[in-house]
Amino acid sequence: MADLSVNVCGIDFKNPIIPASGVFGYGREYEELFPLSKLGGIATKGTTLHLRTGNLAPRIAETPSGMLNSVGLQNPGIDHFISTELPNLLTKDLVILANIAGATPEECAEVAAKLDDTDVHMIELNISCPNVKQGGAAFGTSCDMAAEVTRKVREATKKPLVVKLSPNVTSITDIAKSVEAAGADAVSLINTLLGMRIDINTGRPILRNNVGGMSGPAVFPIAVRMVWQVANAVNIPVIGMGGVSSGRDAIELMMAGASAVQVGAAIFTDPYAPVKIIDEMNEFLDSKGIKSVKDIIGTVKPW
Amino acid sequence: MKYTQGSYIIAEKMAIARNIYSFTISCPEVAEAAVPGQFVHIRAKGFTLRRPISICGIDKEKGTLRIVFEIRGQGTEEIAKLNKGDLIDMLAPLGHGFTVKPDAEKVILIGGGIGTPPMLPLAKIYGEKAVAISGFRNSSAAILQDDFKATGAEVILCTDDGSTGIHGFVTQPLKELAEKGGISAVYACGPMPMLKGVAAICKENGIFCEISLEERMACGIGACLGCACRTKRNDEEYFAHVCKDGPVFNAEEVLW
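First to last, the sequence lines map onto chains G and L.
Counting in my numbering, the first sequence runs from 1 upward without gaps.
Counting in my numbering, the second sequence runs from 1001 upward without gaps.
For the record, the hints were derived by calculation from the structure and aren't laboratory data.
Being a predicted model, the structure only gives us computed values, none of them experimental.
C-beta atoms are modelled at their ideal positions from N, C-alpha and C, and glycine is treated no differently.
Careful, some of the hints might be misleading.
Claimed, not checked - Below, in silico cross-link-like pairs of lysine-lysine (DSS-like), each with a Cα-Cα straight-line distance of 25 angstroms or less:
#: 1; chain 1: G; residue 1: 38; chain 2: L; residue 2: 1002
#: 2; chain 1: L; residue 1: 1002; chain 2: G; residue 2: 276
#: 3; chain 1: G; residue 1: 92; chain 2: L; residue 2: 1244
#: 4; chain 1: G; residue 1: 276; chain 2: L; residue 2: 1045
#: 5; chain 1: G; residue 1: 92; chain 2: L; residue 2: 1203
To be verified - So the derived list for chain L, only partly shown, Cβ under 8 angstroms to chain G, looks like this:
#: 6; residue: 1208
#: 7; residue: 1219
#: 8; residue: 1221
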């Protein structure tokens, strides 16, 4: 039994596996299937200052080895999260990464300030949602904007601040360096890649939003590459995600430089995926005689 | 147990019409928990997303569920390749089912095309109190008519081309029955234009009406918020989710 614990920004995780924001709601639906305490942490559904109704349906489409989504940050608003969802999660013995978003840097900061008075362990600032017209991806694709929103949120909270990066950029390392300089304690990546499918019988895009974020096993090699590049470019921890669907994938992403790993679309295929991934990581480490998962972080030996 | 995920043995497989298959699945704990109107979320080998399929039969004594589905795309094509004796991976039973009214005198069950299967468990419950109206493109697409007759329900068949039964849409016999009166409830599943027509007739005649909707979905349990449906609650617009708040909705709640 290898030691699976990791530490990110001073926060202890019993294992490195975290359901990614957006796939797991606030945890209630999956509690029916397994205790949330099995997980290292949870990245909660992206939450904004006020309730958001999200985009019109269809919001989901299958793609080869993956999927598209355009939910559009539907959420009940931060006050509801704090009063109704957070108390339940705080009893579950796992690290809570409260994922937040906003249309302006000021709105993001206001949401973060509200969380500063709570017991959430970390704040994950989403500057990369491809499905909302204002804010979201716009922050994540410019170094200046990314730095500005990070700085505003940094001023609003003392919680460890993780900034979630968009892969839909020319240089993700430049964005990572900008948010590091603006006060981020860690970065998480990759958010979804912007994609599109068209129903050739109707000539209409499958998604009502026309375009959406692509995730699933198809994006995994891109995630490995970007995690590796970013881990080499910054001095803050990297939380990796993007198409992870097995323990081997999680190990690979950690070798590329991730200190912890989020799991997204794989949960739709198999709701027990996060739990199975933890078991598979353990088996792999045991089979290699590696005592601690921390010993594999960033150990890739590039040619 | 609300729902669970597991692999279950397919006890029986039948092709019942062109591209339409019936599976009977041995899954005692799922059958025990299931109610009419719920669905199962089936993993298709090689695909990221599961496929939601409505429940067509619940046999709590035998511990089986029956599903009837049509090959609509590559995912359902993959599921249709499974055979008797194979394991099928299901997350089930999911969703909010139909409201059964124990003191109902007469109810109408309306199925359009592949929306017909979820009406059968209601026919089992209501028996002779039910009128099962089914609509299909043509006679070769008609399914489950003998199953409905076996429940004791009165059966009315409609086809778009008149090749069997009434030449026309299901809304025609519904309208006649609704205007005669004495209907306690109408339940419907099928294409959106049909559901819209059914809802309008029920509203006009003041009849309680529940409809089962479908939408592209991912998690199936209300976490990902993928399968949004515009509804109205307490006079406010509300994006409900077909997987958790539905698939069955009161017709008056739905914003068309």
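Of the numbered hints stated earlier in the document, which are not met by this structure? 5, 6
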